[in-house]
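Participant: Listed below, chain by chain, are the residues.
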Amino acid sequence: MSLIDLANPSRFLALVARLLPWLTAATLLTFAAGGVAAYLAPDDYQQGATVKIMFIHVPAAWLGIFAWVLMSIAALGTLVWRHPLADVAGKAAAPIGAAFTLMCLLTGSLWGRPMWGTYWVWDARLTSVLILFLMYLGVIAVWRTVEEPARAARAAAVLTLVGLINIPIIKFSVDWWNTLHQGASVIRLGGSAIHVSILIPLLVMVAAFTLLFVTLHLAAMRNEILRRRLRTMMMIQADATA
Amino acid sequence: MSASLGPYGGFIVAAYLSALVIIAMLIAWIILDRRNLLRLIAEMEKRGMGRRSRHGEKQA
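Protein chains in written order, with the working numbering: chain A, 1 to 242; chain B, 243 to 302.
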């Protein structure tokens, strides 16, 4: 099956039906492995057991950013190539990305209280992630308020591409400004600053969360295609009764 | 369980619980949305509202 074949919603739905059981099984297995590895991981010499919050906080942060980048690629698909599945992909990713960004903010706050002595501080990293969450809500609001799907897709795509500016700001905020949030420790020049006994469980959890995202995104895309089919049927009915 | 996680066990448990609740809500939303859409599509089909082919027949 070529990439162009996937532009056909029926073929895409058939592919999703075949993939979802395998993806669900892979997600569950990876979460089981990650959960055991996270439980067995040693405490940090400074942070103690609170380092275990990192195993959900970092993957949630990664997915909050990843979903926006995915939506930006979909936005290009909508505006430049007018790919039939591009706006479906963008629309389906927004609530999932928002949920993981909220998870990042909540778990970060619960990690910050014992380590920093506060749930929240208006530093560059925390504020830029909060802005990312608000931008997700903005995109969802556009999809919900503009009734005609093609117009909503264009408006959401423009907003998504404008919001892409925030992604490097989130990444480099800890380098550009003095922040209470620590600097980069997983991906940085000179290698990871995290000991391998903690890094391996973290990477397994990142893989598990990413598989979960892919599974949920494909399922949400399938729902969105069904929603458009229903809309078409309702318009035909309205035509017939008019 | 939180006692074995040290003095901040409550924060660790709360963080994991919040993550679980968010993931559970996401999964429930997707499953319920699909069920609702399939039900509505089945109702439309029962009323004789097919997709484009039927529309084409009507117009022809």
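Each hint should be verified, as a subset may be incorrect.
Claimed, not checked - Some chain A residues close to chain B (C-beta under 7 Å, calculated; not the full set): (1) I53; (2) P114; (3) G117; (4) V121; (5) L230; (6) M233; (7) M235.
If you're looking for bench data, these hints aren't it; they were derived computationally from the structure.
Quick caveat: nothing in here was measured; it's all calculated off a predicted structure.
Note that CB positions come from ideal geometry on N, CA and C, so glycine has one too.
Participant: None of the hints should be skipped; say for each whether it holds.
Facilitator: Hint-by-hint comparison with the structure:
About 5 Å separates the beta-carbon of I53 (chain A) from the nearest beta-carbon of chain B, less than 7 Å, and the hint is met. At a threshold of 7 Å, the smallest CB-CB gap from P114 (chain A) to chain B is about 4 Å, leaving the interface hint in force. A hinted interface residue such as G117 (chain A) counts as satisfied when its beta carbon comes closer than 7 Å to some beta carbon of chain B; here the least separation is about 12 Å, so the hint is violated. Proximity of V121 (chain A) to chain B is violated relative to the hint, the smallest CB-CB distance being about 16 Å (cut-off 7 Å).
Interface restraint check: L230 (chain A) against chain B, minimum CB-CB distance 5 Å, threshold 7 Å, status holds. The beta carbon of M233 (chain A) is positioned within 7 Å of a beta carbon in chain B (closest approach about 4 Å), and the interface hint is therefore held. Given hint, M235 (chain A) at the interface with chain B, is violated; its Cβ is 9 Å from that chain's nearest Cβ, farther than 7 Å.
Checked against the numbered hints above, the structure breaks hints 3, 4 and 7 and satisfies the rest.
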